[in-house]
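K.L.:
As they're listed, the protein sequences go chains E and X. The numbering of the first sequence is my numbering, which starts it at 488 and goes up by one. The numbering of the second sequence is my numbering, which starts it at 7 and goes up by one.
Among these hints, one or two may not hold up.
Said to hold, decoys possible - Capping the alpha-carbon separation at 30 Å, the derived lysine-lysine pairs in DSBU-like fashion look like this:
no., chain 1, residue 1, chain 2, residue 2
1, E, Lys605, X, Lys429
2, E, Lys587, X, Lys429
3, E, Lys501, X, Lys388
4, X, Lys355, E, Lys537
Stated by the list, open to error - To give a feel for the contact side, a few chain X residues facing chain E, derived at Cβ under 8 Å:
no., residue
5, Pro315
6, Asp392
7, Phe395
8, Tyr396
9, Leu397
10, Arg400
11, Leu411
12, Phe415
13, Asp418
In case anyone wonders, no lab produced these hints; they're calculated from the structure. Values in this document were obtained by computation on a predicted structure and should not be read as measured data. All C-beta atoms, glycine included, are put in the ideal place defined by N, C-alpha and C.
Residue-level listing of the chains:
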Amino acid sequence: MLTIKNLHAGISEKEILKGFNLEVKAGEVHAIMGPNGSGKSTLSNVLAGKKEYEVTAGEVKFKGKDLLVMSPEDRAREGLFLAFQYPIEIPGVSNINFLKTAINEIRAYKKMQPIDAKDFLKLVKEKQALVELQVTLANRSVNEGFSGGEKKRNEIFQMAMLEPTLCILDETDSGLDIDALRIVANGVNKLRSKNRSFVVITHYQRLLDYIIPDFVHVMYDGRIVKSGAKELALELEKKGYDWVKEKLAVGSGQ
Amino acid sequence: MIATKENKATIPAQLEGEFQTLLSKTFSSEPEWLKEKRKEAFDSFCQTGLPTRKNEEYKYTDLKKIFSGNFTAVHNESHALNFIPAPIAEGSIRLVFINGWLHKDSTLSSKLPKGVLIGNLATDGLLKHADFLKKNFSSNEDALSRLNDALWTDGAFVYVPENIRLEIPVEIIHISTGKKELLSSPRHLIIAEKNSSVSIIENNISVDTFAPMIINSQTDIFSGENSNVQYYRLQNDCRNVSLISSTHVKQEKNSHFDTNTITLGNEWTRNNLRIDLEGENCESHLNGLFVTNGTAHTDNHTSVLHNKPNGQSNQLYKGILDGRSTGIFNGKIFVERDAQKTNAYQSSKNILLSDDATINTKPQLEIYADDVKCSHGSSTGKLDEDALFYLRTRGLSEDSARRLLLYAFANDVLNTIKNESLKNYLEELVNERLEK
Ligand SMILES: Nc1ncnc2c1ncn2[C@@H]1O[C@H](COP(=O)(O)OP(=O)(O)OP(=O)(O)O)[C@@H](O)[C@H]1O
Ligand SMILES: [Mg+2]
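Okay, chain X solo, but in the shape it has when bound (with noise of 0.2 Å):
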């Protein structure tokens, strides 16, 4: 296929040369299989391009404007960086990466259980885990997936193996830094085999951004047969960066995943998160929170495909939007014919706290099944004038009155975190950033 003239105009001029450098230095090290499947991505890529706002899918989100700079994707020069932030759970392992590449202070706990891999994508998973990845990289339509297909430079690989539940979280930090416009690709690669169970904290702050960056990280999750992950997605005050992070999971028969997507003080994101509960019996918790002001643009975007019988997902989305933020939500629940008794549900809840402030929910329910239980709601508003009042009487000052009521509303989501360090930690933080 023949890119048209339109499709050209959408692909930043710079990336095409850029790819070609990196695949004659960067990746050229890399097995053969692995640079075809980044050239049939960048092609693919190419074919699309960026998606306009035409596109449904990006109706509310401009990334003809987050890409219009004057970025690089070729960089790996090593960051002295003096600041890793404290661990958030207690005793995670760590790993530590810099605009996509991974940081030498990665903390790796050695006593691991047998069997189960804790590094990095482009070498441990490279090398132990080739056929793989050769098998499951670019299973995904999206445009800006594809794009990572091509550019992705390095992330975490966590593996673990049938009937080890690991017991110490995974951290994976991505740090944004530096004084050039980059394009950064990382990508994260999570499996966890059968009766397994493991627990990840995906936390992308920017320490020092001094020049705009776009983060487009793609982060694929394997929940085998009888699994129990715990996904949580930090995104906290990144500081002049555009971040796109796609997430992928895909559930076996039996499994339970929950995951949470904490947005605080970002200036632009855009989350997509897609489950694909491709067994019987499968159990999806996914829930978000975003705490908005000044000119930040949350776009929060779910889908979840129910693809058999007896599934249960349930989606508990809410923001608190300030100033002149936006925000979105689009939530899809897709339900195959083969997939009966599902029950799918999904709600958002959104206070804006100005008149400025705007948010965007839309549903998308497809069901091709007759017997399953499906409901959606959303609810947008303002702080409750009534409530503000009774807790005034009573003494408090408007301000703690506000921040009692917000942080009921957030605490929601916060409950539903099921690691106690974590959730202390956000619970702390969504406090602080309540404060006016």
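Chain E extracted, bound-state conformation (with noise of 0.2 Å):
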């Protein structure tokens, strides 16, 4: 599905993505651990597309194609969705209007025909529902005004709409209450299946005992410095990440 090879990335001089390697395969569930400020939100944003990083090294392959010379909306169109850290407020556009134009441009690039309005109306009230989002949506314009939890679940609501293959979820657990979290994550669960594939970016182990990942890696200083099975993070989760980046200076010899 996605394969990352010693991918170097930055923004104006400063390299922030130091060789990192990453494969997932079809179905699998990969969350991503670390410190802040050590890229994770860089390396989502270079998946998909942000043209203000520079990738200056390695090569990204998503489902057999290069990803990185693609276009934000091809990549989109290919299967790949992020749910962002910190989803923007865009005011005047309406969340209806541009989902529909969104569905629809996926579907003409898969020579589609245009969603049917009813069928339209009907997926929303279903995906609406799997996240529990009861803001309503229509007359209201992208996540404006709305809760920093109801942006999270506006996020998966929409990653759910346009049904990818490939699902980045970074930090879509924090901001939410102990219930959104459930909800949020269960709705997540429904949609695994094992053609979609998750990166599930994450600082809590809590949001990994709902979504359980097939490996936790833990990322530092713009790499993958370890990786192991879900019990990665509760390890993490009770010593911090001093013993990874100790066994790292130990390791490297410094």
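Two chains, each in its own frame: build the complex with the hints.
P.N.:
Structure below.
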């Protein structure tokens, strides 16, 4: 599904990703943890195609295609979805209109007919229920005036609507209350399938109690420094990141 | 007063002779008082001449260039025009003018409420409301308004008597057309008496303009006590046309005035909008939107004069500028000593889509009362890159994402339009205009 090899990327001369490697197979769930500033959101943004970030080395293959040469919209149309850590507000752009446009452009890319208005509304209802997003989306602008938690739910709602094959969740859990966390996680779990993969970025083991990952990776200073099974998250929760950093310092002979 | 040499240079050479011709021919059958008014106005115009760029009001707008052509002001040939645009608002009454003259195909509904008068100024206005015209003409010190006072040919005359709410909108369509370089001087007069209401759409268009045209248009609006007036000024796709559009509104107490100035695809436009809040408790909403590209020039000047207490005015002007186009927003708010408890707001927001587009905004507040709330703000920026990226990550092409964002920006102004069919019409038009 996704293969990242030796990815180096940065912004204005500053290197942030320093040789990042990851292989995600269809149906897998990978969790990425790591201290603040280690480059997790940068990785997400680079994968989604934010042009401010410059890729200086490495390659990313998505379903066998070179992801890095694609426009952000083509990445989305190919099935990549990023749930942002900080979803922005877009005043004046209606949630519903924009989603309908998005779905239809994705369908056009796949040489499919535009979605029927009735089917669309049915889909909206169904997916809103999935994440229990209770705000009335009609007549409201994208994320405008949404609470922090509602914004995060709206990201997952959009994800459910667009039916991507690779979902990157950048700290979707932060800002959610305890109930919301469970609801959103359940929503994500319902979307799990053998053809759909997830990269879940989080600081908290708690999310991984609900969305049980196949792999847990620790990211530090722009690359993955440790990988393991789901138990690794528990260990990190107990010990923090210092032991990983210490080991790293010893390991590299510094 | 004798005109100085310097001033002389700013009066287009042919105007003097043309004015005399108009007086002796076109205007010859007019009542004496009107001819006197015309002469006074022309003299007064000659004393100041065309404002130059040294004049603060015309700092960014070069009139000399516009008036440098070999135009004529004498013209009343009839046009066989086979193109009259479809009505914008459902069931509206339409008055059509061509190069400042009434077109015979104007569609007048015969079933008007009693006392309502919708016709043209040169006949209906002069014959039926001469006293009113005598009293109220030429109250504007702007040189171009004085020029219109002298040269006006015809225009709409709308009179709504007391207690009448005219539900059907009135469309005033001005068409510029022809092969001759022209200076047209249309003039419209709208009177809404006490407790009345009316909705006016003034639409400037051009059809087959094969020579450069100047339109120096003047609209006067009287909004009586407790009246409700909506005035929409559309300026769409005027090619080969330099449009000067001046509107002067006088509001009496408890009146409510809404106006939108929508400029799409014009080449050169100067809009003057002046509102006098002459009674207590007046409310005024001034909204504007312009979308430009190429080398288009759009200059919006507003002045709101709060003369009496408890007035409220609200201005929102938005511009989307591409190419090498230029925009100006100059908004004045005067609050007289008497006008306590005034609320006056003004905001100008602009998006520059290209590095070569420019916008100049200048708020001017003069406040002589002490118990008032006034504010102004202006912002100019590029399209929000983060929002663009967000939408694209959901599968929208760059173009549709861009259009969605620009449309959202413009929609704030369109949303203030109360006439639904006009709003729908403009939404579509703006959307089209935003397509690359
Ligand atoms: N646009 C940018 N301009 C300058 N520096 C940036 C930019 N984006 C990221 N960085 C820097 O790159 C580093 C990695 O940031 P990033 O947001 O990827 O970290 P993160 O792992 O997501 O952190 P967190 O856990 O706090 O979300 C940080 O030092 C950050 O300041
Ligand atoms: Mg982050």
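K.L.:
Compare the structure with each hint and give your call.
P.N.:
Checked hints:
1. E:Lys605 <-> X:Lys429: The hint holds at about 26 Å.
2. E:Lys587 <-> X:Lys429: Given that 30 Å is the threshold and the Cα spacing comes to 23 Å, the pair holds.
3. E:Lys501 <-> X:Lys388: holds (25 Å)
4. X:Lys355 <-> E:Lys537: Satisfied, since the Cα-Cα distance of roughly 27 Å is no more than 30 Å.
5. Pro315: Constraint on Pro315 (chain X) not satisfied, violated at 35 Å.
6. Asp392: For Asp392 (chain X), the interface hint holds, since the closest Cβ of chain E sits about 6 Å away, which is under 8 Å.
7. Phe395: holds (6 Å)
8. Tyr396: holds (6 Å)
9. Leu397: It holds, given that the least Cβ distance between Leu397 (chain X) and chain E is near 7 Å, below 8 Å.
10. Arg400: holds (4 Å)
11. Leu411: holds (7 Å)
12. Phe415: holds (7 Å)
13. Asp418: holds (7 Å)
Of the hints listed earlier, the one the structure fails to meet is number 5.
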